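Number of protein chains: 2
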Amino acid sequence: MMDFLEEPIPGVGTYDDFNTIDWVREKSRDRDRHREITNKSKESTWALIHSVSDAFSGWLLMLLIGLLSGSLAGLIDISAHWMTDLKEGICTGGIWFNHEHCCWNSQHVTFEDRDKCPEWNSWSQLIISTNEGAFAYIVNYFMYVLWALLFAFLAVSLVKVFAPYACGSGIPEIKTILSGFIIRGYLGKWTLIIKTITLVLAVSSGLSLGKEGPLVHVACCCGNILCHCFNKYRKNEAKRREVLSAAAAAGVSVAFGAPIGGVLFSLEEVSYYFPLKTLWRSFFAALVAAFTLRSINPFGNSRLVLFYVEFHTPWHLFELVPFILLGIFGGLWGALFIRTNIAWCRKRKTTQLGKYPVIEVLVITAITAILAFPNEYTRMSTSELISELFNDCGLLDSSKLCDYENRFNTSKAGELPDRPAGVGVYSAMWQLALTLILKIVITIFTFGMKIPSGLFIPSMAVGAIAGRLLGVGMEQLAYYHHDWAIFNSWCSQGADCITPGLYAMVGAAACLGGVTRMTVSLVVIMFELTGGLEYIVPLMAAAMTSKWVADALGREGIYDAHIRLNGYPFLEAKEEFAHKTLAMDVMKPRRNDPLLTVLTQDSMTVEDVETIISETTYSGFPVVVSRESQRLVGFVLRRDLIISIENARKKQDGVVSTSVIYFTEHSPPMPPYTPPTLKLRNILDLSPFTVTDLTPMEIVVDIFRKLGLRQCLVTHNGRLLGIITKKDVLKHIAQMANQDPDSILFN
Amino acid sequence: MMDFLEEPIPGVGTYDDFNTIDWVREKSRDRDRHREITNKSKESTWALIHSVSDAFSGWLLMLLIGLLSGSLAGLIDISAHWMTDLKEGICTGGIWFNHEHCCWNSQHVTFEDRDKCPEWNSWSQLIISTNEGAFAYIVNYFMYVLWALLFAFLAVSLVKVFAPYACGSGIPEIKTILSGFIIRGYLGKWTLIIKTITLVLAVSSGLSLGKEGPLVHVACCCGNILCHCFNKYRKNEAKRREVLSAAAAAGVSVAFGAPIGGVLFSLEEVSYYFPLKTLWRSFFAALVAAFTLRSINPFGNSRLVLFYVEFHTPWHLFELVPFILLGIFGGLWGALFIRTNIAWCRKRKTTQLGKYPVIEVLVITAITAILAFPNEYTRMSTSELISELFNDCGLLDSSKLCDYENRFNTSKAGELPDRPAGVGVYSAMWQLALTLILKIVITIFTFGMKIPSGLFIPSMAVGAIAGRLLGVGMEQLAYYHHDWAIFNSWCSQGADCITPGLYAMVGAAACLGGVTRMTVSLVVIMFELTGGLEYIVPLMAAAMTSKWVADALGREGIYDAHIRLNGYPFLEAKEEFAHKTLAMDVMKPRRNDPLLTVLTQDSMTVEDVETIISETTYSGFPVVVSRESQRLVGFVLRRDLIISIENARKKQDGVVSTSVIYFTEHSPPMPPYTPPTLKLRNILDLSPFTVTDLTPMEIVVDIFRKLGLRQCLVTHNGRLLGIITKKDVLKHIAQMANQDPDSILFN
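Line by line, the protein sequences give chains A and B.
Residue numbers 1 to 747, in UniProt numbering, belong to the letters of the first sequence in order.
Residue numbers 1 to 747, in UniProt numbering, belong to the letters of the second sequence in order.
If you are wondering where the hints come from, they were derived from the structure by calculation, not from laboratory data.
A few of these clues could be false.
Because identical chains cannot be distinguished in the list, a pair is counted as satisfied if it fits within a single copy or across any two copies.
Dumping the calculated DSSO-like pairs for lysine-lysine here, alpha-carbon to alpha-carbon at most 30 angstroms [to be verified]: (1) Lys-706 <-> Lys-727; (2) Lys-574 <-> Lys-706; (3) Lys-239 <-> Lys-42; (4) Lys-277 <-> Lys-731; (5) Lys-232 <-> Lys-277; (6) Lys-580 <-> Lys-235; (7) Lys-42 <-> Lys-574; (8) Lys-651 <-> Lys-588.
From a predicted model like this one, the values you see are computed outputs, not experimental measurements.
When you get a sec, could you build the whole thing from the sequences and use the hints?
This is the structure:
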């Protein structure tokens with residue numbers, strides 16, 4: 001506890017970069033601040049207004065975060081859409097129109113050929129004035145690859161030069177930051193600007209990546225920057241992390257148009273400390289963001305969600321079998337992806353490969369673009385592909401996937417029965433199978449490159465393709481064999497039994513679940529896309545199967561795997577610590593080490609302390625009554641100690657190297673003519689956490705997690721024996737899991 | 001930590017009734033059990049199967065809870081519906097049909113008069129063979145009151161005789177139990193049976209109460225009873241509470257047909273310890289329960305939800321003003337209700353009134369029935385009333401509330417424009433205003449009587465009436481004054497601008513929010529009822545306003561107020577402890593008290609210990625190295641000590657009163673010819689929690705909450721100084737809030 005009667009020394013109570021915050025101290029400081037404002041509010045009207053505005057500043061901040069992240073998401077959507085189309089051609093009616101908007105404004109367009117209009121010119125039309133023949137195809141092909149390479153080059157160069165933190169999805173780092181780690185600049189304004197620009201470029205380049213994960217990072221940057229406008233949040237690391245949790249919810253909310261799902265995602269996947277107050281505020285921020293995005297209306301359909309679907313056919317209990325199969329597929333894909341992607345990323349870290357990020361990005365972009373162009377399902381943007389796969393074939397659908405025979409033959413009012421597949425469907429199946437293979441392989445190499453790259457969309461695409469393939473297969477099976485025992489009870493001829501779009505959706509959920517190990521938030525996001533409770537059971541069956549299968553093959557989700565790969569000091573809150581070790585097995589000093597470095601409360605000089613500081617690198621020291629008794633008084637941080645001694649030497653008259661430092665309330669009795677003493681009780685933490693040496697580590701881990709400690713002192717029968725830091729705990733957990741304990745070091 | 005090499009003594013590690021559990025110890029025990037099973041699973045196939053079945057037993061349990069609570073909810077719905085109609089008449093087509101079903105099966109019914117059919121006979125038709133005239137009215141009136149009194153009498157008698165715990169909503173008690181308190185029998189089979197039966201009776205009696213809260217209690221009883229089938233949950237109080245949290249979610253899920261809202265309700269309002277694993281399982285249980293209920297189909301409309309609504313008109317920004325007004329009304333009603341209801345309940349507790357629960361119930365029932373019968377809106381069941389208020393008037397609605405002029409005059413395809421109100425609407429308004437007053441007054445006296453009674457439905461009814469009144473008012477205002485500046489921008493003549501049903505819904509949310517102070521879960525439940533994100537903003541605006549207004553008038557929600565009224569030891573997790581006191585201000589012994597009673601580790605005899613046990617009532621004793629040093633070794637529970645000494649005296653040869661008890665690892669050196677010593681290290685908790693005397697109480701409160709402690713020892717400079725129990729913390733919080741600290745005692 002700080003002594004508030006004395007002037008606080010500037011710098012005391014702040015943290016260095018790459019350090020862990022002390023949640024208890026931060027929260028305690030915020031309560032002190034709050035108490036002070038509340039007490040003052042009774043004194044004057046001005047103070048009362050200050051107190052009220054302080055109470056509402058959290059809500060105002062949420063509003064601003066919602067508005068800003070919603071606007072940025074809209075901007076990113078619109079630009080990415082335009083630039084994706086730029087790879088194929090340009091609108092002569094106004095180059096700022098994308099393909100769809102271009103033809104909306106056209107007079108010369110029929111409903112059948114919505115996307116063909118004279119105003120939209122492909123590159124071959126512009127360059128060689130024709131769109132027919134092999135040469136035009138090659139020109140378009142060449143321009144497609146060229147634009148892709150240009151976008152990718154710009155993206156990776158901007159990231160490399162201006163903001164190296166802008167790469168990747170950002171979720172592993174945000175999880176680490178929310179758990180109490182400090183990475184300065186990771187959520188700064190440069191990261192925000194560069195990430196926003198390069199995200200558009202990366203998505204437009206046609207690489208197998210999504211914008212959903214990075215949008216969470218963008219929203220968190222907004223949150224962090226806006227925190228600087230409010231004293232309450234700027235100065236307190238714990239309060240700021242509450243805001244960041246809400247910002248993450250807003251990010252997912254705009255990514256999918258799913259505010260409730262976003263809040264649950266933040267709660268389940270990202271956040272560490274999530275009090276109920278934050279739940280309510282996150283929900284508010286997520287809603288504001290979603291409605292901001294909707295009023296910008298980037299998809300031009302007044303829909304909040306990215307993939308709006310409306311199914312009408314109920315599902316049958318028997319269909320749970322294919323849904324569970326999709327779940328198994330999703331789990332296998334998740335486990336395979338995590339393993340191969342981590343292996344590849346490790347290779348990148350440890351070999352020469354990591355030194356040439358620009359070349360790597362260009363090579364992968366070139367391969368992706370060259371392989372993607374010939375196949376219409378890989379050429380279109382991945383989110384369009386998913387939309388099309390989720391879509392249930394209506395009467396007027398002109399897509400190849402809906403090219404059934406007897407297309408316009410409806411049985412009852414508006415209901416389309418199951419029909420035999422036409423030529424278009426068969427060729428689409430082949431193309432989708434090729435797309436599936438390409439996506440599976442290329443995503444492994446794409447995720448982790450030095451550009452902004454999200455994983456939600458590629459994972460969902462893999463699952464949606466697999467699901468659609470299975471769905472069409474089931475549909476045809478039911479059509480040709482409606483007399484089979486499994487079908488005849490519920491699927492008569494001429495009825496609409498099977499919805500392939502639903503299979504695509506279930507597959508997407510399964511694959512996303514396999515990779516991220518999300519559970520409730522995943523199902524809720526999908527529920528918000530469909531808006532009906534009907535399909536929750538299929539989604540849940542697939543998500544559960546997928547999680548179980550994936551967990552059986554490897555415990556960690558992709559984000560945790562990347563956290564471990566990068567050695568971030570993250571204490572996983574979900575995993576139980578299952579080993580039977582004791583605090584004495586983990587604490588420092590180890591059995592044969594020299595004794596624990598301690599300070600005594602009233603018998604050490606400035607010089608003694610300075611020697612200890614210079615000879616050790618510990619970030620804090622316990623203070624004891626005397627070396628003989630080892631009875632604990634408190635804990636003092638190295639940083640505070642250095643700042644205070646420096647400050648005292650500068651300002652306080654007469655403090656020299658032989659001055660005695662005391663942490664007691666009253667100065668110890670001194671012989672006459674000794675130099676003035678230095679009282680440092682105000683920087684002493686008088687309530688350090690202690691456990692006994694026989695405390696099981698599972699309890700210690702629990703305390704570290706729940707209270708957010710940095711360190712904990714170990715006593716035996718009332719005597720100080722050692723210290724356990726968060727890093728020791730992480731090392732011990734890694735050791736018990738047969739991992740290299742030294743990987744738990746930020747690098 | 002128990003020493004697992006020795007045979008555990010039966011009874012050690014269990015709790016007495018009305019005691020608080022030690023979460024840390026329970027979780028530790030479960031981890032030991034889990035570790036043992038995992039280790040054994042490598043030895044034999046049988047053990048492997050046991051390990052797998054143990055892992056899946058949680059899911060199986062959730063499935064069973066979902067099935068059982070869904071079925072019970074369906075049963076309750078059907079019976080309550082039938083018995084409510086029994087008050088008005090009987091079906092000659094089959095007495096097991098309720099009014100609606102009776103007329104479904106009838107041939108003689110037109111669409112216009114859906115609820116009139118010859119098979120349905122009112123009591124006057126049965127008794128005096130006519131339904132016309134004053135006498136018939138009196139007969140019906142009399143029978144209505146008679147049935148109501150009969151049902152109420154049965155309900156209160158059954159509760160009084162068989163299961164006193166079956167009364168009330170049960171949510172305050174469940175909150176307390178989930179926070180770690182033990183109330184034996186509260187979730188037992190008798191409570192389940194009697195609560196199910198009396199809930200039907202209470203709802204049917206026409207009292208102003210709902211079945212939603214009690215359904216949570218019923219679901220929790222199911223959960224608790226089913227726990228007995230699984231070793232993992234039967235023997236561990238912490239694990240069992242995880243199951244109960246999930247059961248509470250299932251309860252709300254079936255009450256409203258809102259599985260996601262149910263899970264969030266459990267998370268936000270009811271639960272104390274809610275790990276992520278529980279989130280996922282709760283969601284599963286809630287879904288199973290909801291689908292079980294749907295397949296029972298008690299409302300006969302294949303809908304999951306109680307009040308299914310579908311609105312089509314968008315709302316306008318200006319309408320936020322009336323919505324916020326509804327929020328203010330909800331907040332005022334919430335604060336008023338809580339204050340008056342608590343005052344009345346306190347009067348019941350402290351005066352003679354509480355001694356005559358049967359008479360009280362009969363009097364209130366008689367008043368309710370007599371006042372209710374003449375007004376059709378009070379005569380119908382409250383949930384039907386809410387349904388009607390939420391309903392948007394369609395073309396074919398025959399209700400009085402939809403009696404607009406030009407009823408069948410549609411402007412565009414199917415859209416009904418705003419119209420002038422007809423005679424029916426005006427008379428409905430008057431009746432609704434009277435209903436509002438009756439509900440407001442009578443609910444205050446009803447909630448807290450010795451019958452099962454929920455609060456959700458009456459609160460929602462109050463809000464829905466107020467909302468509908470305001471909505472119709474707004475609609476007429478807009479119709480007659482569509483040229484006013486506030487209307488003319490968005491509400492042209494002949495357009496459908498205002499949906500009175502939406503106002504009813506917003507009002508219901510506001511009043512429910514004001515009473516319970518739910519936030520996210522409330523909005524999500526309402527969202528699930530409408531199924532559209534469109535109306536989240538109005539709902540949220542109202543819920544937020546309502547919470548702020550109500551919080552400004554009194555901090556506690558109704559459940560917390562009842563917890564405090566009954567003096568349950570519940571440590572609120574939401575409220576921050578804002579005072580600047582220290583652990584030394586709270587700990588026992590106080591400054592002038594005798595010293596803390598401690599045991600020494602190796603110098604006390606059986607007799608010494610027995611004397612201490614008989615002279616004190618403390619539930620545990622710290623063990624120190626010696627009285628002089630006061631260095632802490634561990635903590636031993638009174639119950640364990642008594643059981644162990646008794647056990648040793650019975651079984652172990654030669655343990656007599658002069659035997660030395662030791663808690664050390666090795667027996668202390670003894671002179672020859674002394675009686676055998678008694679080793680009690682196995683019951684010693686070697687890792688008691690300690691804080692220093694200068695620790696701020698806010699941190700201590702935080703530790704108690706987050707770790708679920710029973711007690712915490714206080715040290716000063718390494719010496720044991722005192723002890724803080726959960727009860728001390730609760731008393732201190734009450735004292736700081738200027739409440740009577742002695743109210744924190746279970747009575």
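Structure-based check of each hint:
For the homomeric pair Lys-706 and Lys-727, the shortest alpha-carbon distances inside one copy (16 angstroms) and between copies (22 angstroms) are both at most 30 angstroms. For the identical chains of this complex, Lys-574 and Lys-706 are neighbours both inside a copy (12 angstroms) and across copies (16 angstroms), given an alpha-carbon limit of 30 angstroms. Taking the closest pair of Cα atoms, Lys-239 and Lys-42 come within 30 angstroms of each other only inside a single copy of the chain (25 angstroms); across copies the shortest separation is 47 angstroms, beyond that limit. For a Cα distance limit of 30 angstroms, the shortest separation of Lys-277 from Lys-731 across copies, 25 angstroms, qualifies, whereas the shortest one inside one copy, 33 angstroms, does not.
For the identical chains of this complex, Lys-232 and Lys-277 are intra-copy neighbours only, at 16 angstroms inside a copy versus 33 angstroms across copies, given an alpha-carbon limit of 30 angstroms. Taking the closest pair of Cα atoms, Lys-580 and Lys-235 come within 30 angstroms of each other only across two copies (21 angstroms); inside a single copy the shortest separation is 40 angstroms, beyond that limit. Taking identical chains as interchangeable, the C-alpha atoms of Lys-42 and Lys-574 lie at most 30 angstroms apart only when they sit on different chains, with a minimum of 25 angstroms there against 44 angstroms within one chain. Taking identical chains as interchangeable, the C-alpha atoms of Lys-651 and Lys-588 are never at most 30 angstroms apart, the minima being 36 angstroms within one chain and 43 angstroms between chains.
The structure is inconsistent with hint 8 alone, although it conforms to all the rest.
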